[in-house]
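Asker: So the chains spell out like this:
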Amino acid sequence: MSSRKQPKGKIRPPKKPNSADAQFNDNWDRLAQAIREIHKKNASILSFEELYRNAYNMVLHKNGDKLYNGVREVITQHLEEVAVSQVVPAFPLSGASSSQTNPNGAGGANFLKVLKTVWEDHTTCMLMIRDILMYMDRVYAKTANVPLVYDLGLDLFRDTIVRSQNYPIQNHLLEVLLQQIKLERENEIIDRTNVKASIDMLLELTDASTKDTVYATDFENKFLETSSEYYRVEGQMLVGEYDAPEYMKKVDKRLNEEEQRVRHYLSQTTEPKIRNIVEEELISKHLKTVIEMENSGLIPMLRNEKMDDLGRMYKLFGRVVKGHDEMKSAISDYIRELGKAINETVTSNTTAEGGNAASGDKQTGATVAVRWVQEVLDLKDKFDKVQNLALSNDKAFQTSFNEAFEYFINKNSKSPEFISLFIDDNLKKGLKGKTEEEVDSVLDKTITLFRFIGEKDVFERYYKQHLAKRLLLGRSVSDDAERGMIGKLKVECGYQFTTKLEGMFNDMRISSDTMTDFKEYLDKSVLEKPKLDLSVTVLTSTFWPMNLSASPRCNLPPELTKACGTFQNFYLGRHSGRRLTWQSNMGTADIRGSFKARKHELNVSTYQMVILLMFNDKQDGESLSYEQIKGESDIPEADLKRNLQSLACAKYKILVKEPKGKEINPGDQFNFNNDFTAPLQRIKIQTVASKVESEGERKETREKVEEARKHQTEAAIVRIMKDRKTMEHNLLIAEVVKQLQSRFMPNPALIKKRIEALIEREYLERATGDRRVYNYLA
Amino acid sequence: YLEVLKNLEHLFETKENYDVIIYAGEEQNQKVIYAHSVILCCQSNYFRTAFSNNWAEIENGKYIFKKSNILPHTFETILRYLYCGQIDLSSNNGSDVFSLLIATDELGLQTLSEH
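Sequence order for the protein chains is A and B.
For reference, each letter of the first sequence is one residue, going 1300 to 2077 in our numbering.
For reference, each letter of the second sequence is one residue, going 20 to 134 in our numbering.
Check each hint, because a few of them may be wrong.
Said to hold, decoys possible - With a straight-line cut-off of 25 Å between C-alpha atoms, the simulated DSS-like cross-links for lysine-lysine are: (1) K1679/A x K1639/A; (2) K1340/A x K81/B; (3) K2051/A x K2021/A; (4) K1549/A x K1614/A; (5) K1340/A x K85/B; (6) K1768/A x K1510/A.
To be verified - Here are the in silico distance ranges between beta carbons for each label pair: (7) E45/B x T1416/A: 40 to 46 Å; (8) R1329/A x I77/B: 18 to 24 Å; (9) I77/B x D1506/A: 39 to 45 Å.
What the hints assert, rightly or not - Just a sample of chain B residues kept apart from chain A, beta carbon distances all over 10 Å, derived: (10) L24; (11) N26; (12) H29; (13) F31; (14) N48; (15) S56; (16) C61; (17) E78; (18) K81; (19) F84; (20) K85; (21) K86; (22) H92; (23) E95; (24) G113; (25) E125.
In case anyone wonders, no lab produced these hints; they're calculated from the structure.
For glycine and all other residues, C-beta sits at the position ideal for the given N, C-alpha and C.
Looking at chain A on its own, in the form it has when it is part of the complex (with noise of 0.2 Å):
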């Protein structure tokens, strides 16, 4: 033993041949000896416990650098040896024909397989080096600052062999892994076990400048590329020859083969990669060529409700970054396309109706109404469908689908009244076939519809309109679904909306009850009885849709005329300061006719009524005039026509017109059809009741909706104004936008001159300094 002490730095000292030196070849020829051993394989002859300490005693006395660079020699020289005996004998065919002359690739697996032979034996061989030059590795390296035996190995193997400057094992390797995935992706069979283990050996070496994975400097990147060319390719073909939903199984297809690839034998790290690059080539790239596919894109199979193929592209088209939005834009145009035929067809056809407007037969736009929103409420069931089964219930679709809607609804200005009519077709003919189920399910369709409505108010007026018919007529079906609608037209808009609704229920009851008093009241009172039964309902007339000043007057029968007088008396009696205009174009009288066959009990208006009631004093054969009726009634003209028609063109037949036809003419002649038959008893005289309204009656409606916006405008400023005091011009523009658009949409121009309106009455005032500021003057 010698503790010769090595002097520091580079200088060494003349080499002697003394004992030390000595030791240390002996020592050295037994260790390289025995790695030679372990090359081929022989270990089980050594010596575990004398290796190591050879090792030991080396690296105790100061010859760990000689050991550590003999080792390596040691193990190049082997591997050298392996690169020439083993590795290039594999090399398959020269590089561009090796697809040709193997098409299987039996080459490339070949050489895999010899490549996969020689890393094994060389990780375990360096295992074992690695034992016994533990204390190398434990005191050398630590201090040397050298890498680890077993990673010198790796780095050996990485250069003379993977990488090696003598010999093109890179360039095969490289090529036949991609020429095997090639291969595979072309559905051939490659033994994927060869594979994992060249991919993964390049997992486990590392690149010494950039200390990533060799699998990452050297293959992945050309692995990528090689792909994105491959899917560049196939995608163009693809695009070519297949269907969409073809194409987009062929994706899927494409895009699980890729994540198995990856599962099955490369780099996790890969899988985002690879899947962006088949994202890109064979989504990004088609997309709209996809959706726009004749025949199988999205429009046909939005139409054709192929929910599977729907459902594919929803889930395909969500990986890459434009998909969801070209499909959302797509779809929402198909729907605006649609919706624009359904508002076309409703135009087309009251405009043909237009022309026989004149002939009464209104019955068809209340018709054309229903269907319209029959036909908005089947699309919009379609595209729940779509959204349910197909699209995941996307919330951003769902908005976009209703952009749509609105879109189309609001470009049809009649919706409101047709969705009004719908309802009122409902409520009206509701339980006949229909449960009350199916009815409520409609009406909580109708509600979604009404929700895309802009102009709540003017939906507001028409629905009043149409109650009041409803409830006057008595010809809702049920008191229940009535007020259900109103519960839920409460939860869209609040209370305000529905109070005049409710109060029109309240006239309702209190009527009822008011008309049990006064029957009492009747029955206990000294005056003569009137000849007939009067029912009276007294309706507020802010709650109620009809026109005070323009009530229509109409001379009554004296008999009705006393009746009236006396509820006129009874009711002022009791509530005293209120005022009674009788409203004679709503009410219903049910009389009796005698014909030659028998005597009918005829339920008619009061304006067929008081019609009728002028034939009483005409002998048989005897004629009205039109303008005999109209100078004795004093009934309205438009009504007084609709009335006629009712009795003498529809369906029964009371009175016989001369010449005949389907029109109401000045100078027709009007006599009491004696002859009239029919086999029920009693008969129920339809009025046209509820209706598309005229052009006429639309702009009447039309002005009423602004003046009431305008009342609604002020309000609002006023309101918000009180609140703030001082508000700059385009704040207070916003929030009365925000106040009223639950309601209607109010254009900045009518705001402006609602303001203007209000500082002219000194309710708001400019600002002194700045002329975009408002006070408010209390």
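Position chain B against the provided structure of chain A, taking the given hints into account.
Answerer: Frame of chain A; chain B shown alone:
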């Protein structure tokens, strides 16, 4: 805790069911020591490697391990430490301690050298 140590010490002393035969020291100073491979392997990387499939030398079902450059006495001290985690240096003289330190360095038993 103490009970456990006692049991291990008992095992160390009785060598019950030993499966390792160690030849410590050289020639006339050589001594045969019995031990248990599980204990050695779980306490030391060196022994784990020595008894691993690649390197183990087995005769009649027992591991054979020759350690000529460590004195039997030193080896016993090391073994006692591996079994019980205890070391008693009071009875040792300076040179004994020194050879013990050298041996622990070779075998990579840092925790013992720190002791």
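Asker: Work down the list of hints and note, for each, if the structure agrees.
Answerer: Here is how each hint holds up against the structure:
| no. | hint | verdict |
| --- | --- | --- |
| 1 | K1679/A x K1639/A | 14 Å, holds |
| 2 | K1340/A x K81/B | 24 Å, holds |
| 3 | K2051/A x K2021/A | 17 Å, holds |
| 4 | K1549/A x K1614/A | 14 Å, holds |
| 5 | K1340/A x K85/B | 23 Å, holds |
| 6 | K1768/A x K1510/A | 86 Å, violated |
| 7 | E45/B x T1416/A: 40 to 46 Å | 43 Å, holds |
| 8 | R1329/A x I77/B: 18 to 24 Å | 23 Å, holds |
| 9 | I77/B x D1506/A: 39 to 45 Å | 43 Å, holds |
| 10 | L24 | 29 Å, holds |
| 11 | N26 | 30 Å, holds |
| 12 | H29 | 28 Å, holds |
| 13 | F31 | 22 Å, holds |
| 14 | N48 | 17 Å, holds |
| 15 | S56 | 14 Å, holds |
| 16 | C61 | 17 Å, holds |
| 17 | E78 | 13 Å, holds |
| 18 | K81 | 16 Å, holds |
| 19 | F84 | 7 Å, violated |
| 20 | K85 | 6 Å, violated |
| 21 | K86 | 6 Å, violated |
| 22 | H92 | 19 Å, holds |
| 23 | E95 | 18 Å, holds |
| 24 | G113 | 18 Å, holds |
| 25 | E125 | 5 Å, violated |
Against the hints set out earlier in the document, violations occur for numbers 6, 19, 20, 21, 25.
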